[in-house]
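Please arrange chain B on chain A, whose structure you already have, making use of the hints.
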Amino acid sequence: MKLQKTNFYRILSLVVLVVIALLFLFPLYWIVTGSVKEKGDILIKAGESVKWIPSTISWGNFGRLFSATEPLFKVKLPIPFTESIVTLTGPIVPRAVRWLYNSVFISLAAMFFTCLTASLAGYALAKKQFVGRAFFFSLIVCAMALPKQVILIPLLTVMKNLNLVESPWAVIFPVVGWPFGVFLMKQFSESIPTSLIEAARIDGAGEFRTFANVAFPIIKPGFGALAIFTFINAWNEYPLQLVMLHEPQAKTIALGIAGLQTEMSNDYGLIMAGAALAAVPIIVIFVMFQKYFTQGITMGAVKG
Amino acid sequence: MANSKAVVRAGISSQIKSNFISYLFMLPILVFFLGFVILPMVMGVFTSFTNSNMGGSEFVGFSNYIQLFQDKNFLKSSVNTIIIVIVSVPTVAFFSLWVGSAIYKLKPAICSFFRCVFYLPVVTGSVAVVVVWKWMFDVYNGLFNHGLNAIGVQSVNWLGDSKTALLCIILILFTTSIGQPIVLYVSALGNVDQSLVEAAEVDGATKLQTFWRIKYPAIMPTTLYVMVITTINSFQCFALIQLLTSGGPNYATSTVMYLLYETAFKRYQYGYADAMGVVLAIVIAIFSAIQFKVMNGGTAE
Chain A
0 MKLQKTNFYR
10 ILSLVVLVVI
20 ALLFLFPLYW
30 IVTGSVKEKG
40 DILIKAGESV
50 KWIPSTISWG
60 NFGRLFSATE
70 PLFKVKLPIP
80 FTESIVTLTG
90 PIVPRAVRWL
100 YNSVFISLAA
110 MFFTCLTASL
120 AGYALAKKQF
130 VGRAFFFSLI
140 VCAMALPKQV
150 ILIPLLTVMK
160 NLNLVESPWA
170 VIFPVVGWPF
180 GVFLMKQFSE
190 SIPTSLIEAA
200 RIDGAGEFRT
210 FANVAFPIIK
220 PGFGALAIFT
230 FINAWNEYPL
240 QLVMLHEPQA
250 KTIALGIAGL
260 QTEMSNDYGL
270 IMAGAALAAV
280 PIIVIFVMFQ
290 KYFTQGITMG
300 AVKG
Chain B
0 MANSKAVVRA
10 GISSQIKSNF
20 ISYLFMLPIL
30 VFFLGFVILP
40 MVMGVFTSFT
50 NSNMGGSEFV
60 GFSNYIQLFQ
70 DKNFLKSSVN
80 TIIIVIVSVP
90 TVAFFSLWVG
100 SAIYKLKPAI
110 CSFFRCVFYL
120 PVVTGSVAVV
130 VVWKWMFDVY
140 NGLFNHGLNA
150 IGVQSVNWLG
160 DSKTALLCII
170 LILFTTSIGQ
180 PIVLYVSALG
190 NVDQSLVEAA
200 EVDGATKLQT
210 FWRIKYPAIM
220 PTTLYVMVIT
230 TINSFQCFAL
240 IQLLTSGGPN
250 YATSTVMYLL
260 YETAFKRYQY
270 GYADAMGVVL
280 AIVIAIFSAI
290 QFKVMNGGTA
300 E
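Protein chains in written order, with numbering that gives the first Met the number 0: chain A, 0 to 303; chain B, 0 to 300.
Hints in this document: simulated from the structure, not taken from any laboratory. Since no wrong hints were added, every one of them can be taken at face value.
Here are the simulated lysine to any residue pairs, SDA-like style, with alpha carbons at most 20 angstroms apart:
#1 A/K159 with B/G54
#2 A/K50 with B/I150
#3 A/K126 with A/V140
#4 B/K16 with A/G203
#5 A/K147 with B/L29
#6 B/K265 with B/P248
#7 A/K50 with B/H145
#8 B/K292 with A/V140
Only chain B is shown next, with the shape it has when bound in the complex:
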């Protein structure tokens, strides 16, 4: 009896010790995570209920949120954001799938070369990419207008015309978005079970049939992952817009993310901007949740 009590006591104390060590392992990341992610998140939500600005801050309840949905610029930015996402995600997914399937069977060196080239804009980084495109789109000194003039077409104000500006953004975003999906597709296609493919070919399936019936379902997890990261990327597109057009002309290329930045750091309306941030966060969370559900449903089959 005395023995078992001692054993229990020893058991509890070793459990406490084990707990303590676990907390020690967790402590470093928790300091950073709680301090620099969770805390600002909570602060942001609180501030969104105030009219915090340079002068001070006072509680205003939901009025920021109500104002948001009546704000022309916010609504325009939301529409732009949705356009960018809806156009980018399928085009990026299809194009990178096509490129991946075209290069994965080539000699490794050639495949690597193509993979490298398409990943270059990602590595180069947003700013370097943007400044060179900005030069190419320049009305007077840009390459594109010069090419147009050479064949007798008038110069286009690529970045200053609301009709073309958003297209330019989508184009540049496209070039920086396909790198990672191509890498993933090349790897996923390489891992497809060859025996299934051979069996299909023996059964007389054409290349196209083999692709859609066998390979495509096999890489479904990759496809869904690609769609999720491209969606998040498109929602968060910021440096491109800020440097290329500053959201102009007249908010034609402004996204919610850009408007948030402008509201907070050019107009110093911190409370209003935080409300925008909360709305953006909720939308992205819903989008991600939907895609997550689809992903889990899909792979189960």
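Chain A on its own, in the form it takes in the complex:
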């Protein structure tokens, strides 16, 4: 009798779960189908039923999405020893693709610089004695408790003075400076056995070599977790992107779609095409690497 009750409850739970899971998948389905629907399918006329499946697959929405174009990148490089500046311009691509490129660039750069700077500092805070160590660590912990939004407005002033507004670096630098990364890496660095460091020192290794050969292999999982966290954080960092990036070619994919929503609020096909471009690639990456994602999230929580 008990077994029957347990089984019934278990099956009921599963059914409810499946229903809710389908509800969660539905918005994604709606985005993808909406992006290839023709206007007729999108507008619901009274008395007609909703077109769950598009009557025809139309690429017109994507066509409109990709109509505006930009160069993929535009980098000004000063040539040393001369007065001139070389401008490298990338190939002309649709503006929406440029948005995606901006998002990827910002997230990768933030990930790279955060991992680099945070791991060095985390190691120093965990394993080395120096004047001011406690002070800096307390400062970092306190700063973590405060929300990012407070510094949004003054950051704009800072970036204006650095002439970085409209540049991806205006988003990258604050993300790199965010103290959570150092905190995480310090926690991970604590587990490095001091004896190994001593042994390396006795063998005559310099500080940086000790870090590279002894510390780094041990903190690699933390490194991976931080990399994933930072990538996702930078990708989704909407307020910062909104404040720093305004010009059409500077926007991230999130900003771009938001702009479409504001400007063309009734062209749902176009907006869905944009949403599909924003969502599908990152979802594919997530599904492929989900093992690392979940590992990173769990580890980040345990140590944090």
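Below, chain B without anything else, positioned relative to chain A:
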């Protein structure tokens, strides 16, 4: 004697050298941290004591703060923020705990599938999620009203009616908030000491008793962590509100965070907005401190 002096001198110089290397390790992060986090924080606090705007800025002391607490919109936004936090945190925690406990024992592939699905809204990102929901809530072309009409119920102005707008926000926030907690709960429940569970079952405990007496306390750290991050998430909810309703109708869905943005970037009242930011920061800090205290007190037991 001469030897020991030399040793001391060598000791000091190697300590200075070691200090120097440590600073080198710290330097990169300090440049970014001090320059792009601490400095703006200090600047923000200073500006909050001025009436900085497009035209200029002059010192006004605490008048911004006094004005804040008499500002109808600020008070409304604060109430909305608190409502969102108080409703979201327990529902997210309970729901994700239920889902976690329902799926963690399933076959790994199935568990992964569910975990993936519930994490999807997080990965998709705020903007894509918001635009599709906005379409579904649309008064004329939206799915929900169409469904209502089909069964004979009148269309609802989901986003334009102050009674329903905030609920829509909370609903969408819910879908983007449960992903991470579910991942954490699945992992934490999987790590519960099985011997304790078996001992309880041998002693004749029911499944429910086993859950509340053994598993739940074992995952208490996870629960508290989930509550902290959900609280912070709810306080900082911004893109959702800005894109879905722009804080409307008539500030019915405005939160402090949104009002801050509007004050600074639509009305250009930087000093006033900074004061808002400082107040928000203090509130979140207090909330986090309380939760921290509870967390440390709880796990000690």
